[in-house]
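Line by line, the protein sequences are chains A and B. Numbering-wise, UniProt numbering puts 394 at position 394 of the first sequence, and it's gapless, one number per residue. Numbering-wise, UniProt numbering puts 309 at position 309 of the second sequence, and it's gapless, one number per residue.
By construction, these hints were calculated from the structure, which means they are not laboratory data. The hints are all genuine.
Negatives, chain A to chain B, calculated, CB over 10 Å:
no.: 1; residue: K213
no.: 2; residue: I220
no.: 3; residue: S776
Covered stretches of chain A, going by a simulated chain B footprint (3 or more residues, C-beta under 8 Å):
no.: 4; segment: 516-528
no.: 5; segment: 553-560
no.: 6; segment: 648-661
no.: 7; segment: 706-717
no.: 8; segment: 737-745
All C-beta atoms, glycine included, are put in the ideal place defined by N, C-alpha and C.
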Amino acid sequence: LGLVWYRDTFQYLVHGIALIGREGNTPQNASVTSKKRDVLVSAAPTVMALYRRSAAFQSVFHAVKHVCLKQNCAVRICSYSTVIDQNEKTFDKILIANRGEIACRVIKTCKKMGIKTVAVHSDADASAVHVKMADEAVCVGPALTSKSYLNMDAIMDAIKLTGAQAVHPGYGFLSENKEFARRLALEKVTFIGPDTHAIQAMGDKIESKLIAKAAKVNTIPGFDGVVKDPEEAVKIAGEIGYPVMIKASAGGGGKGMRIAWNDEETREGFRFSSQEAASSFGDDRLLIEKFIDNPRHIEIQVLADKHGNALWLNERECSIQRRNQKVVEEAPSTYLDPETRRAMGEQAVSLAKAVKYSSAGTVEFLVDSQKNFYFLEMNTRLQASGGDVELEEFVEKPVERDEERGDVCSSRFFEDQSSCRVLDHLKGSDRTCRKASEKSIALHCRISIHPSVRPSVHPSIHPSNVEHPITECITGLDLVQQMIRIAKGYKLLHQQTDIPINGWAIESRVYAEDPYKSFGLPSIGRLSQYQEPLDLVNVSALVSVRVDSGIQEGSDISIYYDPMISKLVTYGKSREEALKKMEEALDNYVIRGVTHNISLLREIIVHPRFVSGDISTKFLPEVYPDGFKGHILTAGEKRELLAAAAALHTAAQLRSQRFLGDLRVSSVPVESRVLELCVELDKDVHILAISHSGNKFTVEIDGEKVEVSGEWNLASALLPVTINGQDRTLQCLLRTASGDITLQYLGTSFKLRVLSKLAASLSKHMPEKLPEDTSSILRSPMPGSVVAVAVKAGDTVAEGQEICVIEAMKMQNSMTAAKTAKVKSVHCKAGDTVGEGDLLVELE
Amino acid sequence: MATYTLMRGTVGLLNGLKCSFKNVGQIPYGAVAQSKLLRGARCYSSSHLSVQERIEKKRAAALAGGGLQRITAQHKRGKLTARERVELLLDADSFVEFDMFVEHRCSDFGMEADHNKYPGDSVVTGQGRINGRLVYVFSQDFTVFGGSLSGAHAQKICKIMDQAMLVGAPVIGLNDSGGARIQEGVESLAGYADIFLRNVMASGVVPQISLIMGPCAGGAVYSPALTDFTFMVKATDADVLQDTSYLFITGPDVVKSVTNEDVTQEELGGAKTHTAVSGVAHRAFENDIDALLNLRDFFNFLPLSNKDPAPVIECHDPRDRLVPGLDTIVPFESTKAYDMLDIVQGIADEREFFEIMPNYAKNIVVGFARMNGRTVGIVGNQPKVASGCLDINSSVKGARFVRFCDAFNIPIITFVDVPGFLPGTAQEYGGIIRHGAKLLYAFAEATVPKITVITRKAYGGAYDVMSSKHLRGDVNYAWPTAEVAVMGAKGAVQIIFRGKENQAEAEAEYVEKFANPFPAAVRGFVDDIIQPSTTRKRICRDLEVLASKKQSNPWKKHANIPL
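With the sequences and hints as input, model every part of the structure.
Written out as structure tokens, the structure reads:
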């Protein structure tokens, strides 16, 4: 009898977990009858209690969990297989020392766990989403992060005021700050993250590398120290194996970096670098390291508790980056085989154990073309740090950071390589920029590096987040919940064998930035319309969309904070499914009021190289050597676009004749008439004939017929249409009375003008708008603040001379003169805040 | 350069004069006169053959306007011909032309000569449809005598205006005229006056719109000034870099001789001047095509006459749509600005807002939108500009717009965030009292449905002015951020507690007491305090209720607005 009962309970538990996981969503599983649900309600507590007591049951439970996992993750991706045990006491109240998406993410899990939340916010964020979501909110200062989110005193006060028992630091800001961790410890407040000693160990590049070596983790072979002569350099290079990278240890960024492929180049590199080392830095030491060509950036998620247990939760492929920020991530990686995965995972775990790591963490690796992998660094938070956020912190206290980082040298390899890449691609964009505007504004971007804080800009530090939706998707674990449990001192619930790879998850980072400028220069503004693609019709219940965001319609994207809008995640049984869903999700994502990078994201995920998995950290500069230009239309796509624009125009025209209840409108039969329209796209005028019946338009372009049908809801931001039988979602970004239509089609927005044949034939008489003489006018290419103005009225500037520096989102952009001329007038001064397109300087 | 353009502008006139002088010179020679007579006789006899032929010939001449050469010149200036404009403005094949055969009656200076007669003279008139709705149109033809106004020209315009009044349909004038027909002298002036009179008579009966698409100078400017809306075209003339349309009483030359000011035609009366500085024009468009297509769009907002209701168009935007963005739009700091247009676009159907005078007195926003398909007039203080205070220009701008809406049955929705009237000598000397009174007068007088939403500040007299409950507001709402008080906390405390300590404490008390919607709400001066995101839903519902509102003011010959 006992056995039967046990088996029954087992079954109910399967459904029960699915139910709990769905958070009260109507169960789609037909087999779950209401009766069973009733039974479950009474059975669940018993089972739970039993489960806690019986170790044997626990293993059964794990098995059960993974049975249900598949169903569960599929229904709503944000439901986790991990069952939150309400009786497992953690904290009563947690303060989240962060903002935006990550703060919201943490609050969501806290709510599930029945934990009260406290948000902190700056003045600018007073009505932000995380503030509204939290149970309590405390203002910690003005908009500047150094005065609010990095203001330890204010945050400590907030903790005291609200009586929070623990602090979740999120990522960036104070998440890696030892001082903060120490102050929390003094107040006996739990820091939800790794212990101070782990932060310390991993924060120091030399130490981390030594520890990694000791833990038998593959590290990049290299030498750091005084090299006497070229021959010694050649000897070292020979030991490491070509290609090698040589540079001055003290030099930061990509400065002075030489790549040598043979002995001769090594000698040359030695001469160059040692000279520079002595002259520029007064420090003779050189760094010679193996150069990894075409590396992939793959990181392993680890989870460790305070009892010496650690797990690896598979990898994330993060190779698609720009300026060291991840753009598209996926899990698992197409590149890793199970052996490599296990090897990387085991090394990651041994590293975590070696530093007595607890909480969730990320171990970053570079993987070369032979699937050799090298440890890059361990991020003591869950993921790599917010480089930009850190930077600001460093700028605030350059001295302290300098001391702390001291002579950082050993594994700065990746930093250099990638800075080099950044510079390269910025140069590329510079070219583009010049070409586009005919030598108007030469835009040079440079990473904002304060001389004294150079070491802080470490390109291997990636702005990132505490939790990783894609890892959560494929493993079914709620990482935030795990972190909270671990911080409270609970043991891990899982064994390594419990960690599955279920399906495939892709993450697109949606940013408020203009991808046409250096793959993304920040944009600011108010989100006048914002609609996440959450209510997509799922063809299969196993495919789903998750959006982690910290903003809503009406939110402001300001210059003070990270321009990330959301992490858009799609999940499917296979990579194809997830990618297909991602296309759909990107097409259905409505963002108005700020420029966004949806066009770039959508191009990446359909690019043949990405689809086939042939990617590296150089993907973007290689695929778009002249900068990103948006989607290039094929002839067929162009026809579709023209037809859609013509149909939309006609639908709007017809609607404007439909007056309700007005008897004085003469009814002109408009049906079945063939209209001739001229549609202008990229200066090409296309003549097309359009006729319609009901909601179906037939457009004839160059002898080809295109059928477009749809609802033609002119109020909706989305424009779902069927073009020649294929479903497409377009977005109408602009429609004016004078025939201008801007459509977002395949992610990219296209400007069209639809005119009647008469208007088009007359438009040749219209005077050409004289384009502004851009060579003598310097406008701000982005919103930001003026750091410095190098000229005054009456000065003579040479072509390419720096005129002023604009800083936006921690990036400094040097604005240079496009021609040699006298300065006519200066319209900005240091400290000014400027908008995109604002006039800065006029030349004569 | 100015002289050159002025000359070129009146090239038609000069040509006409030249021709007539040539004829005058020829009269003494008998032989010439005789041959002329013979030619006339020949014409007569040939035309006698077929009336039909003559009709066709005249029609063809009317359609050709001033001839190919002048049409080409017109096109070169980036301007369309009078007929092309009409064709673009109206629905295809809907134009019904009047008076194609009318010719001028001038006999001086040789104007009676055949080659100086153009069938239809220098204006095209008629009626047609815009999106199926009736409209009367006149379009001045610059290719005929520079579009100058003759007695016949005026008579044609008067005819369509009279009929527009009879049937109740708007009148659109496409102005492109060098001025009076000098050869006709006083007859031309009389023609202007006839038009002015009709403009005045039609005012408030049918909507009148002027689109200035070329020169409009001297007395001619008063016709557009009397109409409800004046739009301009700012297309830059490719040759001389100036706007194609301009309006002024006297041109740059006269200005120079009288006041010794150096000013270009464009600076004096171009689109930019009138839309941003003088407030004479309500909006400017890029070029002829852009202007005409926009005018079609604008026309859809207007009722046909004062007897017709505001039009209702098929609407795809849900009437009960919530606008979550509005809940966070008003900043916490009361000194921080936000964009009133965000609110307007947020609540309007399809985010569509046809702003009137977007570049003039920007501290007040006025324009047309639709709510659940029905045209509404929107007035809102703009906190982004001068804190949204009321000054002379914004009061006049608002008043004129409110009166238009009231005259044509268009409900008025007012968004209030006003810190008061702008202080200072410039304003006082300029007569802010008199001008501010206009806005007050307009709101008080209006009998159309009036809905008011106080989004933030409603201070002092400006609170009363902005369509308050006391001025017969039908529905007055306050957002939770509303502060209805005599003045801001700081100023109030300085007066109440003059010379006393603890100003800060007193200020806090004042804020607690007055810087919220309650003082107004407990007295019933606002009907409800609403969640901003529900504003659209509420207004749509109220408009439906108020659609049958009937209210009239006491009988009077006419009211006496403080002009």
